[in-house]
Structure formats: C-alpha cells, structure tokens
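2 protein chains.
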Amino acid sequence: MLLCRIKKITMDKLNFTKGDGLIPAIVQDHQTGEVLMLAYINEESWYKTLETGKAHYWSRSRNKLWLKGESSGHVQVIREILVDCDEDTVVFKVEQAGGAACHKGYASCFFRKVENGSFNVEGRLVFDPKEVYRK
Amino acid sequence: MLLCRIKKITMDKLNFTKGDGLIPAIVQDHQTGEVLMLAYINEESWYKTLETGKAHYWSRSRNKLWLKGESSGHVQVIREILVDCDEDTVVFKVEQAGGAACHKGYASCFFRKVENGSFNVEGRLVFDPKEVYRK
Numbered sequence: 037m038l039l040c041r042i043k044k045i046t047m048d049k050l051n052f053t054k055g056d057g058l059i060p061a062i063v064q065d066h067q068t069g070e071v072l073m074l075a076y077i078n079e080e081s082w083y084k085t086l087e088t089g090k091a092h093y094w095s096r097s098r099n100k101l102w103l104k105g106e107s108s109g110h111v112q113v114i115r116e117i118l119v120d121c122d123e124d125t126v127v128f129k130v131e132q133a134g135g136a137a138c139h140k141g142y143a144s145c146f147f148r149k150v151e152n153g154s155f156n157v158e159g160r161l162v163f164d165p166k167e168v169y170r171k
Numbered sequence: 037m038l039l040c041r042i043k044k045i046t047m048d049k050l051n052f053t054k055g056d057g058l059i060p061a062i063v064q065d066h067q068t069g070e071v072l073m074l075a076y077i078n079e080e081s082w083y084k085t086l087e088t089g090k091a092h093y094w095s096r097s098r099n100k101l102w103l104k105g106e107s108s109g110h111v112q113v114i115r116e117i118l119v120d121c122d123e124d125t126v127v128f129k130v131e132q133a134g135g136a137a138c139h140k141g142y143a144s145c146f147f148r149k150v151e152n153g154s155f156n157v158e159g160r161l162v163f164d165p166k167e168v169y170r171k
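Order-wise, the sequence lines are chains A and B.
Per the numbering used here, residue 37 is the first one in the first sequence, and the count goes up by one each step.
Per the numbering used here, residue 37 is the first one in the second sequence, and the count goes up by one each step.
With the rest of the complex left out, here is chain A (with noise of 0.2 Å):
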C-alpha cells in the first residue's frame, strides 16, 4: 500500500479538474481499432484500471465506481492506453470478452449511422441482452 502510494506521487497525471472530476475514455479494440464505447473515469477508476489491468469507468447514473463486465462477464482487458495533448481524454485499447461492448448487445454501442437525419442500424449484434443481464 505504501509503494502504491509512492508509485501513484511519482506517476504523470491526468487532469480531472475540468468535468466534476470525471474524464471522458475512449474505449477501442485493439486489433480493428473500431471505437465500442466510451465511458467515463474518475481518479480512482483510473488507478484501478492500472493495477488490474482491466478497464473501470465511474457508473454516471449508478455514481458508483464500475467495472466494466461485472454483471455481463464482458470485462475489458487493457492493452495500450493513450493519453492526450491537454491530459483530460484517454484511448483504453482493450480486448473485449464476449466480444461485445454494448449492453443492447451489439459489438459497438456505436452500431447506428447517420443517414439523412436517420440513425440506421447497421452494427454487428452478438448477443441477446435478455439472455446475459437475466438475474
């Protein structure tokens, strides 16, 4: 615990002083590059993530520190994160379990594209939500 302490001082930061605390990470598979989610991180998700290696965000809605596939099993392993020019976004480059990211149940949760003012369905959907969140 003392050495975590004295890693974390001596550690680069992020800067979460801009959105309540919270930053914005940009969540991509690591081998296509597509974008599945992006969620938000507070310090302590941020820290959790490093030490786990697996991505936590900060639920918005549940306000509580999450990780991501604790009820699907779809947890993300980290790979490589990117940090950016002013330190308040970053790049998670995961492998994602299950092989999908979004809890509709499609590989993306940007599984929609704009056509002609219409959000069209054109992702991939890899599993039945009903069947994976059932309690």
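Calculated from the structure, these hints are not laboratory results.
Hints may contain errors.
Derived DEER-like restraints, expressed as beta-carbon distance ranges [claimed, not checked]:
#1 B:G134 <-> A:V168: 40 to 46 Å
#2 A:R96 <-> B:N99: 19 to 25 Å
#3 B:Y83 <-> A:T53: 26 to 32 Å
#4 A:T46 <-> B:E87: 47 to 53 Å
The beta carbon of each residue, even a glycine, is placed where N, CA and C say it ideally should be.
Following the hints, complete the assembly by docking chain B onto the known chain A.
Using the frame of chain A, we list chain B on its own:
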C-alpha cells in the same frame, strides 16, 4: 430556412440534456481508424456539422462555436457519423486536412502512451505549431 426547420423536426435526435448541453464527439481517421481527438458538440454545432459536412464543435475554453481548422486550415471533412446506444456520444469519421488534428502539431492528440506510469511520446509530429498558428 423553413425547409431546414422542417428537416430538423423529422430528424432522429441526439440527447443533449446530460452534460450542460454538450456531448462528446470522438474523431477518427476514416481510413486508418486512428483516434485523432475528442471534442464537444452542442446542438448548434451538431446541425452546423450536418449542414456543412465539416466538423464544428463547441469550444469549452473560448465558449463559442468552433469550426475545426478555422485558424490552422486543418478542417475535418465528415465521411461518416456513428451514434451510440444512448444518443449521447458520436463518432465523426473524417478526412483530416493537413494530416494533423492536434494543435501541438501531432497527427493525433493521443500522441502519448502510458508506460509504467509515464506518458511517453510516440505519435507522429506533422507540423510546427509556431509556423501554423502565427498571426
């Protein structure tokens, strides 16, 4: 103008209610899939982007509508737009004029990689910001 208003009424809508009227736009190179930057759009910049085919954002630092490239000439021509499951994030797939999106001269704003707690530069430097942004 009237036609334009009617068109907006019939279009599918993004949800601008969560983050003070702003939602994130992930900007991706339409050919390579490289994530170039992340910026924010409000409703005005969204419609401006759709109408002109060039990426418009809302500058949080200058608090104004921002045509990307208005100073540098490095505009982003929209090739495709994707919308996420919650309608509160978009992906702009663009053709980046000048080959660089970052105001620091790099192809991508995500020019640093996190390695053992350090942010190490590994991105491609395309231009000298002092040359491009001089007045």
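Evaluated hints:
Judged by the Cβ atoms, the range 40 to 46 Å given for G134 of chain B and V168 of chain A holds: they are separated by roughly 44 Å. In this structure, R96 of chain A and N99 of chain B meet the distance hint of 19 to 25 Å, their C-beta atoms being roughly 23 Å apart. The supplied range of 26 to 32 Å is met by Y83 of chain B and T53 of chain A, whose beta-carbon atoms lie about 31 Å from each other. Separation of T46 of chain A from E87 of chain B is about 49 Å and conforms to the stated range, judged on CB atoms against 47 to 53 Å.
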